[in-house]
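S.K.: Chain by chain, the residues run as shown.
2 protein chains.
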Amino acid sequence: MTPGPVEVDPRVLRAMSYPVLGQFDPEFTGLMNETMEMLREVFMTGNQWAYPVDGTSRSGIEAVLVSLIEPGDKVLVPIYGRFGHLLVEIARRCGAEVVTIEKEWGTVFAAEEIVSAIRAHQPRLVAVVHGETSTGRLQPLEGIGDACREIDALLVVDAVATIGGVKVATDEWGIDAVIGGTQKCLSVPSGLAPVTYNGRAEAKLLKRKRIERGLLTGDEAYDPAHRPILSNYLDLSQLQDYWSPARLNHHTEATTMLYALREGLRLVLQEGLEARFARHRRQEAALVAGLEAMGLALYGDPSCKMPVVTCIEIPEGVDGESVRSMLLDEFGIEIASSFGPLKGRIWRIGTMGYSCSKRNVLLTLGALEAVLLRHRCKLPAPGAAVQAALDAYRTD
Amino acid sequence: MTPGPVEVDPRVLRAMSYPVLGQFDPEFTGLMNETMEMLREVFMTGNQWAYPVDGTSRSGIEAVLVSLIEPGDKVLVPIYGRFGHLLVEIARRCGAEVVTIEKEWGTVFAAEEIVSAIRAHQPRLVAVVHGETSTGRLQPLEGIGDACREIDALLVVDAVATIGGVKVATDEWGIDAVIGGTQKCLSVPSGLAPVTYNGRAEAKLLKRKRIERGLLTGDEAYDPAHRPILSNYLDLSQLQDYWSPARLNHHTEATTMLYALREGLRLVLQEGLEARFARHRRQEAALVAGLEAMGLALYGDPSCKMPVVTCIEIPEGVDGESVRSMLLDEFGIEIASSFGPLKGRIWRIGTMGYSCSKRNVLLTLGALEAVLLRHRCKLPAPGAAVQAALDAYRTD
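Here the protein sequences come in this chain order: H and E.
Numbered by our numbering, the letters in the first sequence go through residues 1 to 396 in order.
Numbered by our numbering, the letters in the second sequence go through residues 1001 to 1396 in order.
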């Protein structure tokens, strides 16, 4: 019950036991094409390009940034938690001149604040986190894409934690490139990073590819006048050739991980995106009802709470790590701590994908209550948490 | 029967069906430590650092090069096939001033030729392919490490195609960093890239890490006077912190792929490295005997043939792609074509890891003979190939 990696559907695990096909075997390239088609649906986009980068979510973020940022480009990053800082670090390593705006952890930006910053700083690219797992907040994105288009900037969204659990409307919101995560709401093991990007982003890739035809060496390669993509492995212009009908050889696709992603996406679409988002909200409501019945305080501004991560203030005098250990050792339930300024201050419970079930919510509430009693916490009414959750399901 | 990806042992496939553990769950970090320990044995090294990068083999190559090459560094790459060119391309994107020496495809360098080039060019780093799958050649490496140490250069070896099938003596040969592949002789699906490196390589990482503490922006980041590592995802200094007892959070380890690698390594060590190398040589001998009995000519200099890849000249007048298709469609056997100047000129058969069995060699010979007869090839004596292979096993 962490915000990832989460439990994986046994059907996905079983798909990983299929024999390995050759990467250019027509049966395998057929699976690649099916995966692209399903990714378009999950990203809610008509983009031609929607495929996984072979690495963990972070590899997808870096692939998008290293491919779209030219050294010296001004990049705007709104930060409201840890993963905003990661975007800054990666963008800087790509040679960007990074401008940041910051919000206190536990809150998010009003979309208009980001729009104002875009108009004020005139960046070439804006990179923003959709769902911050470190703080459990969800950043509204509507309107930001339009502001980027006004000044011909690209909008990049890190939807690692939200894809498949919370609406990510790539086209409707005018997002130029999105990175999704597998090991969270898609409930596929970590190891692939689905990305999608539109024609505006592709135009930048193709321009840079032309530059790089005459590859430069030594210090010259770092002359801002010459700006090829500084990675081979994460170069989206090469990756799209590999995923195109031309199948230009690049890496050897991670066969087994692709089987897993394809099966995971199939299950998402079988459930239906709207039904899946509703399931995540329903489980969240029951979990929150139970936690509140225990007298626990939720962390952060409730108006921008992310439905798939619930952050709880660790009660005064309770050893948060001891509670986590006992949950794991006695009940086999893992919940998360947090990072940086929140380390030791909050617990985080994920209700994501396959883990997001009535059974898991009820068991987690019951177990947490038992562990808190063992830690001599005063609870308003022992037994109330599960009852409150059951009531929430009934009124749903 | 390609030079990768190859068949995977069912025990490895089964290991991938285990439920996903949390990345900091002590049970999972225990598996990470076991994997490091087994990688040290397979790389034949006492190095502290031996762990997988989360991506395909190419990600491991780029991680080593981007972490060890500072922009402006002179890098020497001996090229004798396609994957030498890949090392050049990646090194250039890392900002290296690349110097190359080249050998005709189908041959390799005498170690002394590389040593002379090292003395002549005085590079900071030498990157060389151990086994070239594009041409089926094996580059001798003894003596090169000593020459690198004389001038304080680092030696990086791409052992993607050889690790687990052919001896890769990291310490004995004085190699500073080695990249192995999973989907070849280790017979684990593509998606992780095991690397190892010694204290000399680590010293360079740590120096660069200190530089990068004060991360620079814009054009300054590309000033050769400031040389931080230009990737976050592939920064070995961060990866080693994640794999150290400190477990500093970086990516979310690709859980299922790690299960697969651990099981694959366990099977390698259960068989024993020497026994495994001998098995690969035995199957190669039988395959070669069978091919020669069919009257087929092997491609390349036999004195540097790589035991795990056998390249065959496509006979005059035969459509190589039609033969490959019929082998796949009628017999379910995939063999490979090749790249660049060898496209359409040779077939390549891999005898790697789990695929490298008597059964597979005999079936491939029988099937190839049948398909060549269908293509109206004149064979010296139909039926001779399998007989010759059986004889080779008997005299073994």
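Treat the hints as calculated values from the structure; they're not laboratory data.
The structure presented is a predicted model; accordingly, all values stated were derived computationally and were not measured.
Keep in mind that a hint or two might mislead.
Covered stretches of chain E, going by a simulated chain H footprint (3 or more residues, C-beta under 8 Å) [unchecked claim]: (1) 1022-1032; (2) 1087-1098; (3) 1183-1196; (4) 1260-1271.
For every residue, glycine included, the Cβ atom is placed at its ideal position computed from N, Cα and C.
S.K.: Of all the hints given earlier, name the ones this structure violates by number, lowest first.
M.R.: 4
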